[in-house]
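There are 6 protein chains.
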Amino acid sequence: MSDAFFHPVSGMELPRFAGVPSFMRLPQVPLDDPRCDAVQVGIIGVPWDSGTTNRPGPRHGPRQLRDMSTMIRAENGATGVRPFEMVNCADLGDVGPNPADIIDSMSRITAFFEQVIAKDIMPLTAGGDHLSSLPILRALGAKAPLGMIHFDSHTDLFHSYFGGTMYTHGTPFRRAVEEGLLDPKRIVQIGIRGTAYDSEDIDFAKSTGIRIIRIEEFFDRGVADVMAEAREIVGDGDTYVSYDIDFVDPTFAPGTGTPEVGGPNSFQALQVVRELEGVNIIGADLVEVSPPFDASGGTAFLGVSIMFELLCVMARRIAT
Amino acid sequence: MSDAFFHPVSGMELPRFAGVPSFMRLPQVPLDDPRCDAVQVGIIGVPWDSGTTNRPGPRHGPRQLRDMSTMIRAENGATGVRPFEMVNCADLGDVGPNPADIIDSMSRITAFFEQVIAKDIMPLTAGGDHLSSLPILRALGAKAPLGMIHFDSHTDLFHSYFGGTMYTHGTPFRRAVEEGLLDPKRIVQIGIRGTAYDSEDIDFAKSTGIRIIRIEEFFDRGVADVMAEAREIVGDGDTYVSYDIDFVDPTFAPGTGTPEVGGPNSFQALQVVRELEGVNIIGADLVEVSPPFDASGGTAFLGVSIMFELLCVMARRIAT
Amino acid sequence: MSDAFFHPVSGMELPRFAGVPSFMRLPQVPLDDPRCDAVQVGIIGVPWDSGTTNRPGPRHGPRQLRDMSTMIRAENGATGVRPFEMVNCADLGDVGPNPADIIDSMSRITAFFEQVIAKDIMPLTAGGDHLSSLPILRALGAKAPLGMIHFDSHTDLFHSYFGGTMYTHGTPFRRAVEEGLLDPKRIVQIGIRGTAYDSEDIDFAKSTGIRIIRIEEFFDRGVADVMAEAREIVGDGDTYVSYDIDFVDPTFAPGTGTPEVGGPNSFQALQVVRELEGVNIIGADLVEVSPPFDASGGTAFLGVSIMFELLCVMARRIAT
Amino acid sequence: MSDAFFHPVSGMELPRFAGVPSFMRLPQVPLDDPRCDAVQVGIIGVPWDSGTTNRPGPRHGPRQLRDMSTMIRAENGATGVRPFEMVNCADLGDVGPNPADIIDSMSRITAFFEQVIAKDIMPLTAGGDHLSSLPILRALGAKAPLGMIHFDSHTDLFHSYFGGTMYTHGTPFRRAVEEGLLDPKRIVQIGIRGTAYDSEDIDFAKSTGIRIIRIEEFFDRGVADVMAEAREIVGDGDTYVSYDIDFVDPTFAPGTGTPEVGGPNSFQALQVVRELEGVNIIGADLVEVSPPFDASGGTAFLGVSIMFELLCVMARRIAT
Amino acid sequence: MSDAFFHPVSGMELPRFAGVPSFMRLPQVPLDDPRCDAVQVGIIGVPWDSGTTNRPGPRHGPRQLRDMSTMIRAENGATGVRPFEMVNCADLGDVGPNPADIIDSMSRITAFFEQVIAKDIMPLTAGGDHLSSLPILRALGAKAPLGMIHFDSHTDLFHSYFGGTMYTHGTPFRRAVEEGLLDPKRIVQIGIRGTAYDSEDIDFAKSTGIRIIRIEEFFDRGVADVMAEAREIVGDGDTYVSYDIDFVDPTFAPGTGTPEVGGPNSFQALQVVRELEGVNIIGADLVEVSPPFDASGGTAFLGVSIMFELLCVMARRIAT
Amino acid sequence: MSDAFFHPVSGMELPRFAGVPSFMRLPQVPLDDPRCDAVQVGIIGVPWDSGTTNRPGPRHGPRQLRDMSTMIRAENGATGVRPFEMVNCADLGDVGPNPADIIDSMSRITAFFEQVIAKDIMPLTAGGDHLSSLPILRALGAKAPLGMIHFDSHTDLFHSYFGGTMYTHGTPFRRAVEEGLLDPKRIVQIGIRGTAYDSEDIDFAKSTGIRIIRIEEFFDRGVADVMAEAREIVGDGDTYVSYDIDFVDPTFAPGTGTPEVGGPNSFQALQVVRELEGVNIIGADLVEVSPPFDASGGTAFLGVSIMFELLCVMARRIAT
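Chains as they are written, first to last, in this note's numbering: chain A, 1 to 320; chain B, 1 to 320; chain C, 1 to 320; chain D, 1 to 320; chain E, 1 to 320; chain F, 1 to 320.
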């Protein structure tokens with residue numbers, strides 16, 4: 001049972017359009033606040049997109065996600081889970097990046113998440129572009145390689161860009177595997193599609209044992225079957241979940257920089273998360289929401305709906 | 001066979017972008033016009049959203065619905081129905097609300113619909129937020145409680161808001177049941193989903209016998225099966241159909257104030273109406289279209305497409 | 001004093017967002033309606049843009065202008081004129097064009113305006129692209145050449161386009177002068193600016209006596225001085241006023257197909273019309289409002305504000 | 001000299017797009033927080049628009065204003081004032097309205113501002129529609145009638161709407177004068193323009209001594225001259241400043257519900273506030289910012305720029 | 001194996017947002033360029049919409065399609081096809097239409113495509129409204145009638161519009177059959193839906209042997225089954241593929257002039273093209289993309305994704 | 001007299017919405033094309049924004065500027081200059097940046113401009129964020145320090161950001177002065193305004209002799225007077241012109257990342273360039289156009305209108 005301090009403000013008290021928008025109307029608890037020690041799930045923004053090779057914008061993601069998140073209520077209608085009553089949740093604020101220095105930014109992010117782990121807080125992150133996941137994994141996967149369930153239309157397994165640039169939003173998981181942060185045999189990538197430069201990423205996946213489930217297979221087999229395999233791949237070990245909003249069809253999620261047509265709809269976007277039940281999740285992120293490409297906020301609303309589903313899975317794992 | 005006066009202007013004569021936009025290019029016939037006595041189906045706007053607890057806008061719904069409705073032609077391609085030739089249809093204009101007084105507005109709406117019924121006109125209403133349905137039902141359900149097929153992502157069965165406010169767009173059907181306008185045993189609510197404050201509304205439904213079909217069940221069983229049950233629930237008695245545009249997934253219908261992700265697509269949005277064939281429909285509404293959240297009018301175009309399907313069902317019931 | 005039948009619906013009775021949107025909430029009186037004989041100023045839509053050589057859209061102009069016109073009230077705050085009480089005004093509807101046949105469309109428009117004149121109604125037209133003015137002038141200028149005060153960023157005096165096409169929105173006034181509908185010595189064009197293909201239009205103006213006041217001269221001399229000259233040029237004779245919305249700076253009026261930066265602001269856009277007081281105006285148009293390039297309607301609202309100022313000038317001329 | 005606790009986060013530390021958006025990146029200090037006692041200027045949101053008779057939306061104003069306010073830096077470049085170093089400023093949060101009950105909402109607002117005054121905090125409010133000013137004035141003007149400098153395109157002095165409704169955004173200052181909260185002889189209204197229903201408001205102004213400076217006079221005389229008269233009218237007494245964003249031309253501020261074309265530009269919008277230097281200001285508001293009509297936030301950015309200018313004037317009056 | 005000159009610029013060399021946007025970053029090779037003789041597939045723009053009877057805009061289609069096409073990479077992830085390495089592809093530029101003369105424009109288009117065929121280049125066209133297909137077919141079908149697989153929500157088989165106008169975007173295939181350019185027994189139309197004026201088009205189809213597969217049948221049978229029938233209908237003979245973007249549901253493709261709700265999603269939009277494998281395709285078009293109704297470019301991105309799938313099918317037929 | 005090869009395609013031949021959009025419809029001549037030797041003014045895109053500390057987007061600037069530039073015609077209506085007939089102009093394409101490596105990108109840009117200068121081509125650059133100017137100046141100012149006329153709302157003279165990052169869009173001219181590329185005594189910055197962090201930049205300007213003309217002074221003195229001083233400051237020496245689109249008021253130019261309200265209007269935006277006549281201009285740039293913040297392209301159209309005015313000044317200087 002959670003502490004009432006960590007309960008969100010109800011829309012029945014303060015209408016949902018009112019108030020300073022923290023994530024899901026949770027209390028804002030910076031890392032140096034003494035109350036932070038009681039937090040069990042921390043929602044964190046990483047407003048950063050310097051690794052973007054195409055259309056930028058995810059640095060604005062956390063703010064729009066917070067804004068739309070005030071429409072989230074207390075209970076998951078589909079599963080009945082009431083996460084805020086099960087565990088102490090809080091908005092830990094944003095990691096301050098250096099938009100003009102990639103290396104410096106990665107250090108700042110890793111340092112922040114090291115503190116989060118040190119306090120035994122499970123992090124749920126709102127990116128940022130997908131390079132954000134690398135410095136997070138440097139904190140979370142420091143002790144032992146993690147498994148990963150990865151929803152995306154791209155593998156993000158490329159070696160480098162533009163003649164040798166190693167850190168972009170197309171390379172984080174190549175680096176993470178190379179750095180021993182992820183165990184490739186316990187990685188599954190779901191939803192891959194679109195045109196490709198070449199198959200260098202696929203070759204890397206094959207050679208290391210990463211399982212790729214393309215969108216055609218996803219639609220053929222259905223959510224339940226695919227997710228059963230995903231759960232089997234990661235097994236009982238510690239597992240990270242990385243959710244790129246471009247996994248979803250760009251009509252449902254136009255606010256992203258590198259869309260690929262022909263993806264899942266919004267119901268499937270939620271279903272795959274509900275099917276994470278039972279996974280030994282130790283952290284998750286939702287990345288690549290780019291408000292400049294969806295000023296109306298529909299993508300962000302879908303994004304926070306996905307984050308809420310992730311939170312329900314995390315709360316259940318902690319509480320049980 | 002309908003009177004030619006009541007036929008819409010053809011796009012072959014006057015291009016569809018031309019002309020003052022009445023609903024479906026029908027003649028405008030105010031209640032005090034003598035021709036009104038010949039009207040069989042009246043399309044009515046209720047430009048009102050004072051009951052909105054979240055993001056307002058449906059007061060602009062009727063105008064944008066009229067605008068987009070000029071793209072509707074004479075024949076339902078799927079069913080072959082040509083409603084304007086079967087019954088006399090007309091645009092009865094808008095009920096003038098008082099945007100700064102909820103009680104006054106409800107009185108005005110009820111008074112308008114009492115006149116409509118007195119003239120034996122079957123009303124097809126374009127809202128307005130969902131509180132609009134209550135004053136309409138006060139006219140239509142005055143003699144005996146009605147059955148209702150209700151498409152929505154919310155139950156709108158709450159007791160009150162903000163510490164006791166009884167009239168909001170989240171409470172109309174609670175009031176309608178309490179006032180004896182609807183027979184709860186003949187109510188079915190389809191498409192319910194999203195996060196919830198609590199289960200007060202669900203408890204009320206259970207205790208009174210209202211049948212709720214959540215979206216997960218809807219997708220599992222399919223349109224035909226769900227609608228067969230819906231027809232069974234309402235039976236042969238007089239039945240009202242209330243269609244909240246937020247029943248549809250917000251990607252297909254972004255122009256609404258309280259969206260919930262993971263809903264039906266546009267084809268299913270039409271299918272459910274076609275499956276109303278055989279229901280003893282005595283009136284219908286399409287509510288919660290909010291143009292400020294979809295300036296391009298896509299939501300309104302879907303809305304009038306739904307209204308046209310409703311009209312076809314209504315015309316067929318009158319004509320047979 | 002006008003007949004109360006011709007008074008607009010007040011926003012105090014029916015809120016301005018409600019009701020089927022006729023121009024300025026006036027009664028809709030088609031040409032074949034007997035009440036049309038009492039009309040003194042008729043507002044007419046010409047939803048047509050087949051003469052557009054660049055970006056199309058003005059065919060949607062009349063509808064959006066009607067929509068935004070419901071925000072216009074009864075009195076001109078600046079001049080105190082209450083036009084609807086001075087003369088009988090009505091919305092005469094749209095001329096139905098043939099979007100795929102320029103010659104046919106021009107015939108339809110001229111025929112419509114011949115009827116308008118026959119009924120002694122002064123026309124205030126909402127275009128349509130600027131080619132609309134030519135078939136109108138064929139009706140209005142049939143007996144004797146008219147003077148014209150023309151607000152625009154282009155002269156629309158070109159001979160032909162694309163290797164000999166004579167009817168486009170860049171040629172109407174060349175044709176009108178050639179056809180003897182306008183007296184070039186009584187034409188003044190105000191606001192001309194932007195880049196040019198060549199000076200063929202300017203040469204024509206010079207050789208025929210058309211006075212061009214470029215935007216630099218307009219800003220140097222100021223509204224009052226320029227308009228005094230304009231009044232002098234047209235003198236006491238019958239004068240048409242043609243107002244292309246691209247006269248105004250595109251920041252104030254983005255919804256148009258061929259914008260030119262560096263134009264007047266919205267206050268000056270109204271001032272020039274107020275300075276028409278005393279001109280023997282016999283008709284006017286406001287053209288080139290293109291809703292697809294300004295979905296929000298700001299351009300149309302400025303457009304109807306200009307139309308209201310024109311109406312005030314027309315009403316005063318009729319009433320005095 | 002202010003307490004460092006009350007200094008905004010610098011964009012050099014945390015980029016301006018990062019972090020939970022409080023007003024001008026100030027600390028969030030609720031009324032029941034002990035630190036609130038040290039606050040000298042409190043910025044407060046009133047997310048409420050139930051008094052809107054036309055197009056709603058200002059309930060979303062405070063959130064968008066907070067969002068855009070993170071682009072405001074520490075120093076006023078034009079005047080050199082650094083307000084956050086002069087006085088303790090804080091974001092006091094939003095007053096929670098009841099969107100479905102006008103009377104209840106007004107009580108809540110007045111109660112909130114009574115507490116603000118009791119703590120000797122000078123309030124700078126972000127509306128909300130213009131009815132918001134009435135419950136604020138009920139707190140601020142409770143002891144003695146205030147003077148008021150009012151920037152607007154409307155007088156908001158009407159008696160009632162829709163057949164007797166007394167509380168709308170068109171009536172607040174009529175009520176405030178009737179209730180003795182404002183001294184009509186010390187009220188000046190600047191920027192009035194647009195079409196009018198009738199002159200009932202102007203008549204009231206004349207009969208009570210309220211000075212109205214229409215936009216034509218404003219442009220003729222210029223900012224400095226007009227503002228000199230304004231300062232003279234309010235004299236040395238306690239003075240409230242109410243700034244309706246529709247004072248500014250709608251091209252510069254499209255995000256508002258009842259625009260009137262032909263208003264001041266953005267530079268003049270700031271200049272008028274700088275000319276408040278020397279006025280005995282005791283509170284101010286910026287109202288009618290309606291995000292649904294300007295999703296891009298340009299209106300809100302102008303709005304917070306105006307609020308920052310107001311803050312500079314308030315800080316200087318407190319500090320000197 | 002293709003000539004390296006005809007390879008697109010890689011995004012790894014020049015980021016995808018950089019460079020002058022030719023179709024799929026291919027070299028621009030005008031018809032009079034000697035290198036044109038080596039081209040095997042030519043991508044051609046027809047920026048023309050004068051045949052549009054409803055909402056115009058497709059004249060802007062080719063430019064926005066080129067813009068979004070720079071996000072297309074070298075390999076089809078689903079099928080493994082790398083078209084640019086199989087055949088020489090080039091951007092042949094736009095056919096210059098005469099926006100104010102339909103007959104002249106059709107002559108220009110036919111003349112252009114006659115040259116294309118004379119050089120033995122297979123054309124892949126980006127429209128333009130659907131009337132564009134007629135002058136193209138006049139070149140391609142000059143020798144013998146072609147078969148056609150036609151994806152659309154409309155049949156475009158009407159006789160005439162507006163009292164006898166023969167050339168509009170609703171009549172091209174009626175004309176093409178009449179002129180002997182298409183063999184009606186080898187035409188299949190897929191996706192037809194929406195409201196209809198009358199059944200004149202359907203009657204023509206029936207009487208000539210054109211097969212219409214309505215959307216209800218499409219959803220019932222599924223993509224594979226429907227496309228198997230389509231392949232059987234066209235058989236081994238030369239076949240043209242015409243793809244109207246309004247085949248796709250308007251939520252996925254809002255940027256079009258005459259949308260009909262209830263269509264296929266983006267995955268199905270691609271699937272139907274992949275199922276063209278084996279068809280003796282001799283040319284294809286993608287028409288009716290209208291940027292003014294989708295400024296964000298999502299429709300165009302879906303459009304070029306469809307064009308890329310078409311290109312893969314064409315490349316495979318040429319290469320094998 | 002220029003070579004006809006370098007003349008833009010006329011809109012009378014190919015409508016302005018047609019064709020692949022090069023800058024001002026000029027021929028595309030890459031640096032390695034032999035025709036490049038004849039080019040006198042080269043228009044170059046620098047699609048790069050990695051130095052942006054706030055809202056990114058200018059990497060998309062060159063493409064949207066090219067798109068809107070097809071509306072530019074042959075002659076400057078205000079000055080009569082026909083630049084394309086005076087000097088050989090061409091679109092030299094884009095410099096390919098490395099979006100994930102600032103240092104690498106700067107090297108690429110400098111290398112490109114060194115080639116441009118080596119061919120004696122005067123460069124007119126479309127950015128890109130303002131950091132783009134630094135690597136350009138490293139090429140242009142390599143031999144001797146240049147004078148600079150700089151239009152902007154910010155000085156861009158800061159030392160560093162985020163704790164020591166030296167290369168951002170807020171530091172280029174500090175670096176350029178330090179590196180001896182610019183002579184501070186021959187720098188004038190016009191239009192400076194908005195809030196400030198501190199006065200570190202102003203102090204640097206004062207200490208080195210850079211002249212800052214704030215917006216208040218600009219409005220007080222007027223364009224002609226200010227520009228006379230600017231011409232005097234730079235004198236006869238080689239002078240670079242750097243034009244940040246945020247010099248213009250954000251209502252006229254919303255598509256930019258760091259707007260400041262209260263700036264010049266669009267007419268003044270052009271006037272200041274016309275007043276450069278007589279300056280010994282050796283290159284110019286127009287930077288910070290950010291399409292994601294102005295999807296409609298109005299900012300870009302103003303931007304290319306400014307570029308055309310710059311081109312006229314450059315052509316005149318070369319030709320005389």
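Because the hints were derived from the structure by calculation, they are not lab data. Honestly, I wouldn't trust all of these hints.
Heads up, the list lumps identical chains together, so a pair's fine if it works in one copy or across two of them.
25 Å max Cα-Cα, derived SDA-like pairs, lysine to any residue [to be verified]:
hint, residue 1, residue 2
1, Lys143, Leu31
2, Lys206, Thr79
3, Lys206, Phe6
4, Lys119, Ile202
5, Lys206, Ala319
Going through the hints against the structure:
In the homo-oligomer, the alpha carbons of Lys143 and Leu31 lie at most 25 Å apart inside one protomer (22 Å), although the nearest pairing across protomers, at 45 Å, exceeds that limit. Taking the closest pair of Cα atoms, Lys206 and Thr79 come within 25 Å of each other only across two copies (18 Å); inside a single copy the shortest separation is 36 Å, beyond that limit. Within a single copy, Lys206 and Phe6 get their C-alpha atoms no closer than 45 Å, and across copies no closer than 31 Å, so neither meets the 25 Å cut-off. In this assembly of identical chains, the alpha carbons of Lys119 and Ile202 never lie at most 25 Å apart, being 37 Å within a copy and 39 Å across copies at closest.
In this assembly of identical chains, the alpha carbons of Lys206 and Ala319 never lie at most 25 Å apart, being 37 Å within a copy and 29 Å across copies at closest.
This entry does not satisfy hints 3, 4, 5, going by the numbered hints stated previously.
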